[in-house]
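Peer 1: These are the residues of each chain, in order.
2 protein chains.
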Amino acid sequence: MPLAVVNCGEIVTVAGPARPRIRDEMKNLSIVRGGAMLVREGRIESIGPQMELKAHIADEYEIVDAGGRTVLPGFVDAHTHPVFAGTRADEYEMRAGGATYEQIAKEGGGIRSTVRKTRAASEEDLFETALGRSQWFLRVGTTTIEAKSGYGLTLESELRILRVICRLGAENRLRIVPTFLGAHEVPDEYRGRTGDYIDLVVREMLPAVASAGLAEYCDVFCEPGIFNGEAALRILGAARELGLGIRMHADQLSRSGAAEIAALAGAATADHLEQIDARGIEALAHAGVQPVLLPASVYTLGSKRFAPAREMIDAGLAVVLATDFNPGSSPTPSMPFVLSLASTQTRMTPAEALTAATINAAYSLGRGSEIGSLEPGKQADFVIHDCRDYREIPYFVGLEPAYETYLGGRLVYSRHDRP
Amino acid sequence: MPLAVVNCGEIVTVAGPARPRIRDEMKNLSIVRGGAMLVREGRIESIGPQMELKAHIADEYEIVDAGGRTVLPGFVDAHTHPVFAGTRADEYEMRAGGATYEQIAKEGGGIRSTVRKTRAASEEDLFETALGRSQWFLRVGTTTIEAKSGYGLTLESELRILRVICRLGAENRLRIVPTFLGAHEVPDEYRGRTGDYIDLVVREMLPAVASAGLAEYCDVFCEPGIFNGEAALRILGAARELGLGIRMHADQLSRSGAAEIAALAGAATADHLEQIDARGIEALAHAGVQPVLLPASVYTLGSKRFAPAREMIDAGLAVVLATDFNPGSSPTPSMPFVLSLASTQTRMTPAEALTAATINAAYSLGRGSEIGSLEPGKQADFVIHDCRDYREIPYFVGLEPAYETYLGGRLVYSRHDRP
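As you go down the protein sequences, you meet chains A and B in turn. Anchor point for the first sequence: position 255 equals 255 in this note's numbering, and the numbering is continuous, going up by one each time. Positions in the second sequence are counted from 1; adding 1000 to them yields this note's numbering.
Incorrect hints may have been included.
[Unchecked claim] Short derived list, chain B residues pointing at chain A, Cβ under 10 Å: (1) 1097; (2) 1138; (3) 1139; (4) 1166; (5) 1169; (6) 1300; (7) 1331; (8) 1340; (9) 1347; (10) 1349; (11) 1351; (12) 1352; (13) 1399; (14) 1416.
What the hints contain is simulated information worked out from the structure, not anything from laboratory work. Just so it is clear, CB atoms sit at the ideal spot from N, CA and C, and this is done for glycine as well.
Chain A extracted, bound-state conformation (with noise of 0.2 Å):
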């Protein structure tokens, strides 16, 4: 049955140039007041003023009343790592305390206590916690999750994973581009040994994977003393030969000059860039490298420095935001937040992280005309936010702004409190 979603006090389109936006362009959103959108098949079929489409809305139309609210394109969350077993509260309770990240994982914690939970984990537990947790998303107004693998780090267990994320997409509740990071960490059996795990990666888990259809992105976790530069390119060179796109984990820790690496390697987005530089940010600039802000985990390791998002911004960049959803460093799946962390602490506008956060980081995913906007002849992602202006989005932090979240037009949460 056709949709016809009316009364939108707002719609906030993000409509513009079919290609990420940039400088000027992230301000534009292109915002209907007054508005109505008509869906049909799942697609957008036309937006406008409400008055102007009265006329086109025909008995046929099932009515979506959204009472005043505002219409915004559903999130599109570019870098997740959503399947893992277990929380890491407990480590989070000892940075409160006092104890550095690093402490934390010279002591067998950080991501290798995620690892041994997420191997010991079920494939069927693995798949109904993410589903859960699937729902948060939902609920804060995201439709669309890039989600990694990489707490498993075996040839099984990456693929187990894997098989999980491909699950939850086939839910059609949220959508979902699988990524591979086998290279996320070296696993503990491969201490001294980092070599070795990188043939494994690039023999046999990639092939694997590959094969299995279960990726459409590989990223590495490019860091000195962990995956390097060279190790990179060896490992994104050979997924790229096998079909998969690249993303890559860059200049999180240390400027090491992985963005030139990203750069190098062709990829499609550098995710993180806390430390990078005014050389980095051109080698993505002349190399089309979209770079993927994560300042939530910024926020929640207690550090007070950010990805330089004006800089970027100013020197071109189609910056996109995510969560980075881990439950080590950013256990937060809330773009809300984030867009909050993006205008309070990086002094991007509510306008430019929106459209950081929706068109661009659609691009960054190879579907920038599909998702990402409120334009005829796409996706029906769409959200009603319980507001009457999407700037009180960030502004009113902490809350759960969605009130309605529909995919391809279809209704996949809503929020209904009682008494």
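Given the coordinates of chain A, work out where chain B should sit on it, guided by the hints.
Peer 2: Relative to the frame of chain A, chain B by itself:
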């Protein structure tokens, strides 16, 4: 009908000595695992392991099944400004674009813009807006708020705001402690005549507020250039004579010695304190003034300078955390977000933060024997949070963790998502 809350994964009682908690006491949450709680006539009858209480759950009890979730006392938010017209999302955007709070205030923005809108609003409109926002507090697990006036700054409009605050309390959904904050700012019509405005506050507003019984506390925004120490002492002294308790905005924007003024005035609390030094901390400790820390306003203003929470705890202060909910510097009603800020930005552990947000906050409002912990005889103000470990409440930041919120044993909020 009496209630039996059963199948609680953990009940975080925060039980302990009948006074504000200091130093290591702040870490001791007195958690009952596998617990149950009996409630009769709005008060807690008993709490203990379910195995022990089982025999006492007679047929007359209505069963509330917590499903293994975590039960906490409702948060007590001891510093909010919840009655105002409009938002300041436009100024939020300007600040993200680089303007400072001070620049915006100079151009007629800031508190004064909210004062203009609030003066122009009808009592009914103010009430409806505030009632809608009161739901936000319940959604995040808050059951009591201290609520300040201060966006009217005329006799008539301050009384109107306080009537709205008291009406909110009479709805019996959220407990409200009303505070008169006529000395929030010098209104435009008194520019350059601060003395005359103080006269108005002392001679007309305070007696009218007290005789109408519209406030329990009086607060002053003590800051050089606005209300200095002398002005604060005069206003607070007059309030005390009228039987009101005393709170004070102190040492927020500059280190002016306001903490010492609060100590001298015998204030229950000194709030903000981002600029306090060791001498100020000593003065508070000596006088038994509780510091109310408001990290969300530091966050929102993009400042890095949080109040020195650890030094205060070490000095034996009974620290309180609150949201400072207001349209300018802290548009968040979320105590879970404040707990997250406390843990990630000021190195309070989740346990210390929870104590500061419940029992210590209750004592700061003169209600330590009634609310703030789950102990026999106290009000049954409790929240079933959708987690298995209270530490997940700050950890999974950006979500609304409350599943069901109870005030005096009565369900006042329940989350039911669809589909």
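Peer 1: For every hint, state whether the structure bears it out.
Peer 2: Hint check results:
1. 1097: With a minimum Cβ separation of about 5 Å from chain A (threshold 10 Å), the hint on residue 1097 of chain B holds.
2. 1138: holds, 9 Å
3. 1139: holds, 7 Å
4. 1166: Constraint on residue 1166 of chain B not satisfied, violated at 22 Å.
5. 1169: violated, 18 Å
6. 1300: holds, 6 Å
7. 1331: holds, 5 Å
8. 1340: holds, 8 Å
9. 1347: holds, 6 Å
10. 1349: holds, 5 Å
11. 1351: holds, 8 Å
12. 1352: holds, 8 Å
13. 1399: holds, 6 Å
14. 1416: holds, 5 Å
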